[in-house]
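Please model the complete structure; the sequences and the hints are all you need to start from.
Listed in order, the protein sequences are those of chains A and B.
Offset between the first sequence (1-based) and the working numbering: plus 576.
Residue 48 in the working numbering sits at position 67 of the second sequence; the count goes up by one each step and never skips.
Quick caveat, the hints were computed from the structure, so don't treat them as lab data.
Where hints are given, some of them may not hold.
[Unchecked claim] Below 20 Å or equal to it, Euclidean Cα-Cα: the simulated SDA-like pairs (lysine to any residue) are:
(1) B/K30 <-> A/Q631
(2) B/K30 <-> B/K58
(3) B/K30 <-> A/V671
(4) B/K82 <-> A/E680
(5) B/K50 <-> B/T33
(6) B/K82 <-> A/Q631
(7) B/K82 <-> A/G619
(8) B/K82 <-> A/R613
(9) B/K30 <-> A/R648
(10) B/K82 <-> A/P584
(11) B/K58 <-> B/A(-14)
(12) B/K30 <-> A/Q578
(13) B/K50 <-> B/P95
(14) B/K30 <-> B/A(-14)
(15) B/K3 <-> A/R618
(16) B/K82 <-> A/S633
(17) B/K3 <-> B/L63
(18) B/K30 <-> B/E45
(19) B/K82 <-> A/V627
[As the list claims (entries may be wrong)] Take a look, some chain B residues computed to stay more than 12 Å from chain A by CB distance:
(20) D(-10)
(21) V(-8)
(22) E(-4)
(23) N(-2)
(24) Q19
(25) N22
(26) G24
(27) Q26
(28) D35
(29) F44
(30) Q52
(31) K58
(32) L63
(33) I84
(34) R94
(35) P95
Quick caveat, the model's predicted, so the values are computed rather than measured.
The beta-carbon is built from N, C-alpha and C at its ideal position, and this holds for glycine as well.
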Amino acid sequence: SQTIHQWPATLVQPVGSPLSLECTVEGTSNPNLYWYRQAAGRGLQLLFYSVGIGQISSEVPQNLSASRPQDRQFILSSKKLLLSDSGFYLCAWSVRAGVIRGEEQFFGPGTRLTVL
Amino acid sequence: AQSVAQPEDQVNVAEGNPLTVKCTYSVSGNPYLFWYVQYPNRGLQFLLKYITGDNLVKGSYGFEAEFNKSQTSFHLKKPSALVSDSALYFCASRSRLSASKIIFGSGTRLSIRP
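Put into structure tokens, the structure is as follows:
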């Protein structure tokens, strides 16, 4: 069966410090991968998605970046964190879209980031 | 622009009563539609989806949803609510015309009182 891991589970960082959040998927190949941010326990904001190694699409301008160095690894980074970067970060995967594109997404447990 | 609307921030229901969480969409073509549930400090869990065929879709934990094309709605329902159903619920949609992105609604907090 497929599983998705995120670490760390919680993180407290000072403003201006770097960030690296990691997401890995097991039990599947060639997944689509996604990073979301959830502020105040409500709506999801899609940050990045990737359809393959080295292929990253950015949804919103920000000081965050994403990389996909391996097929099942997705990393969210920042060189200098802002207070507004605080939130709950969720990684998700889905089967690579084929003829039928009704594939649901499967979410990781999330990382709670607090920037002080 | 494509969008998904969940008009109620919060829904309160007594245990044992039926529940409905509303969702409407504005997506090009016939969309794929999804419901997810999120418990506190956890990731989202997939509940059910509509792709094609029967308008009534059954999912996990006794939930079901009805696709209504004329009203562009996909309301989530359960005949008898449980206290353990209390959580945050998200409706989502993906156009059949686009590649990889799912659009999420803003979420509805469901509270079931004993």
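Right, here's what the structure says about each hint:
| no. | hint | verdict |
| --- | --- | --- |
| 1 | B/K30 <-> A/Q631 | 27 Å, violated |
| 2 | B/K30 <-> B/K58 | 13 Å, holds |
| 3 | B/K30 <-> A/V671 | 15 Å, holds |
| 4 | B/K82 <-> A/E680 | 11 Å, holds |
| 5 | B/K50 <-> B/T33 | 11 Å, holds |
| 6 | B/K82 <-> A/Q631 | 15 Å, holds |
| 7 | B/K82 <-> A/G619 | 15 Å, holds |
| 8 | B/K82 <-> A/R613 | 15 Å, holds |
| 9 | B/K30 <-> A/R648 | 25 Å, violated |
| 10 | B/K82 <-> A/P584 | 26 Å, violated |
| 11 | B/K58 <-> B/A(-14) | 16 Å, holds |
| 12 | B/K30 <-> A/Q578 | 19 Å, holds |
| 13 | B/K50 <-> B/P95 | 35 Å, violated |
| 14 | B/K30 <-> B/A(-14) | 16 Å, holds |
| 15 | B/K3 <-> A/R618 | 16 Å, holds |
| 16 | B/K82 <-> A/S633 | 11 Å, holds |
| 17 | B/K3 <-> B/L63 | 18 Å, holds |
| 18 | B/K30 <-> B/E45 | 9 Å, holds |
| 19 | B/K82 <-> A/V627 | 11 Å, holds |
| 20 | D(-10) | 8 Å, violated |
| 21 | V(-8) | 15 Å, holds |
| 22 | E(-4) | 23 Å, holds |
| 23 | N(-2) | 25 Å, holds |
| 24 | Q19 | 8 Å, violated |
| 25 | N22 | 7 Å, violated |
| 26 | G24 | 4 Å, violated |
| 27 | Q26 | 7 Å, violated |
| 28 | D35 | 14 Å, holds |
| 29 | F44 | 14 Å, holds |
| 30 | Q52 | 21 Å, holds |
| 31 | K58 | 19 Å, holds |
| 32 | L63 | 21 Å, holds |
| 33 | I84 | 8 Å, violated |
| 34 | R94 | 20 Å, holds |
| 35 | P95 | 23 Å, holds |
The structure shown violates the earlier hints numbered 1, 9, 10, 13, 20, 24, 25, 26, 27 and 33.
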